[in-house]
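*Asks:* What follows is each chain in one-letter form.
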Amino acid sequence: MLNKNQIAQRIAQELKDGYYVNLGIGIPTLVANYIPEGIEVEFQSENGILGMGPFPFDGDEDADLINAGKQTITARAGAVFFDSATSFAMIRGQHVQLTVLGAMEVSDTGDIANWKIPGKMVKGMGGAMDLVASAENIIVAMMHANRAGESKLLKKCSLPITGVGCVKRVVTDLAVLDITPEGFKLIERAPGVSVEEIKNATEGRLVIEGEIPEMRF
Amino acid sequence: MNKVVSGPQEALKGIEDGMTLMLGGFGLCGIPENSIAELVKLGVKNLTCISNNAGVDDFGLGLLLQKRQIRKMISSYVGENDLFERLMLSGEMEVDLIPQGSLAERCRAGGAGIPAFFTPAGYGTEVAEGKEVRVFNGKPHILESALTADFAIVKAWKGDYLGNLIYKGTARNFNPMMAMAGKITIAEVEELVEPGELDPNFIHTPGIFVNRIFQGEKFEKRIEQRTVRPRA
Chain A
-16 MLNKNQIAQR IAQELKDGYY VNLGIGIPTL VANYIPEGIE VEFQSENGIL GMGPFPFDGD
44 EDADLINAGK QTITARAGAV FFDSATSFAM IRGQHVQLTV LGAMEVSDTG DIANWKIPGK
104 MVKGMGGAMD LVASAENIIV AMMHANRAGE SKLLKKCSLP ITGVGCVKRV VTDLAVLDIT
164 PEGFKLIERA PGVSVEEIKN ATEGRLVIEG EIPEMRF
Chain B
29 MNKVVSGPQE ALKGIEDGMT LMLGGFGLCG IPENSIAELV KLGVKNLTCI SNNAGVDDFG
89 LGLLLQKRQI RKMISSYVGE NDLFERLMLS GEMEVDLIPQ GSLAERCRAG GAGIPAFFTP
149 AGYGTEVAEG KEVRVFNGKP HILESALTAD FAIVKAWKGD YLGNLIYKGT ARNFNPMMAM
209 AGKITIAEVE ELVEPGELDP NFIHTPGIFV NRIFQGEKFE KRIEQRTVRP RA
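Keeping their order, the protein sequence lines are chains A and B. Last residue of the first sequence? That's 200 in my numbering, and every number before it is there in order. Last residue of the second sequence? That's 260 in my numbering, and every number before it is there in order.
Chain A extracted, bound-state conformation (with noise of 0.2 Å):
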């Protein structure tokens, strides 16, 4: 089983050189950690910069330079800071070209549930309903199970959703998986999990087809 990090770093393996890229709070943001060596990729966060640097050392915290997830930040050279309209102008114009985000739940048809537990939990949906309703290339990051050991990989999401049909891929702790019509298709198991061990976690349909390869990292 992987740990956040681990999950954090499997998903850095989709980084492309020239990317774009928009991380959600948690378990995305940990991505940044773990670019491969020899690409450039720029990091968007949606209250308005592009070109997001690593934590300020302590004392030099500015309040007027922080992240969505009002972090206090940096800013890398060559970084710009525009407005909320422009900042979602370029995600909804999709030209940020992978978005990561945390789910409570993703369906076998893509669909994805983060924002809302009625009666219990209503933070808002923040910018995660303009991101998932027009970002090309999602992947959701997130454990396999939730406290209660309940899948959240599931037919058809109990939760108010934030997005249909949106998500392409899915990494947890336990495994990778792409969105197909036919449900979820296993790509990667984590080291030392096994094809039984994730059917058995995962509610969904679930495809399976020859040899599932353990992820590399």
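To be clear, the hints were calculated from the coordinates, so they are not data collected in a lab. Worth double-checking, as some hints may not be accurate.
As the list claims (entries may be wrong) - Below 20 Å or equal to it, Euclidean Cα-Cα: the simulated DMTMM-like pairs (lysine to aspartate or glutamate) are:
id : chain 1 : residue 1 : chain 2 : residue 2
1  : B       : K246      : A       : D156
2  : A       : K106      : B       : E113
3  : A       : K182      : A       : D156
4  : A       : K106      : B       : E122
What the hints assert, rightly or not - Over 12 Å on every C-beta distance to chain B, these chain A residues come out as not near it, computed from the model:
id : residue
5  : K(-13)
6  : E(-3)
7  : N129
8  : E133
9  : K138
As the list claims (entries may be wrong) - So, partial list: chain B residues that the calculated Cβ filter (under 10 Å) puts toward chain A:
id : residue
10 : G35
11 : S104
12 : T153
13 : E248
14 : V256
15 : R259
Note that the Cβ used here is the ideal one computed from N, Cα and C, for glycine as well.
Starting from the known structure of chain A, arrange chain B on it as the hints suggest.
*Replies:* Showing chain B alone in chain A's frame:
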């Protein structure tokens, strides 16, 4: 064309109970904190506030929530504020949650004289309920309407007597669109300068959108999530 007022008291003249206000900022970044403090003092009630977030319990719009001055919030994300969640779940306050990009574009449209537009964001979700759906390029979109406000209150880094504004870093966020969408727009700035001191090439909000401007007495600029790395 001199739009300078003496301070928040004069700037907020005309704000009454039941009005709709837009307030710039993302989290606590780029919020008009001097004007918010004045709104608390004024005690105006039953406000509809359009703002991406609702501050934290004891800062930003959280201060207006404490005094129950807000009847309705129009926002995209309201985490980090326990009181807000309580008021919403108990039904004491009405809340309209809007996808962040749609919120920004609705404000922009309001200021730009565009009454409505189609966007894919929110299609197939609760957000789309009751909204017209139309297919463009094979993809369903929902109709979103423009937003305007009786007063828009924005915060900028520098501004001149004519109301031209420059923002700093990610404190720009919703401020430029909201500045366009207020029937009356108030700008509070960190530094008020003479016309000509700001390079016209680098002005973000042209003064035509701004009606009143003042230099804030003090900016606390609270940081919500202080994240740092150790010095090597």
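*Asks:* Where does the structure disagree with the numbered hints, that is, which hint numbers, in rising order?
*Replies:* 1 and 10
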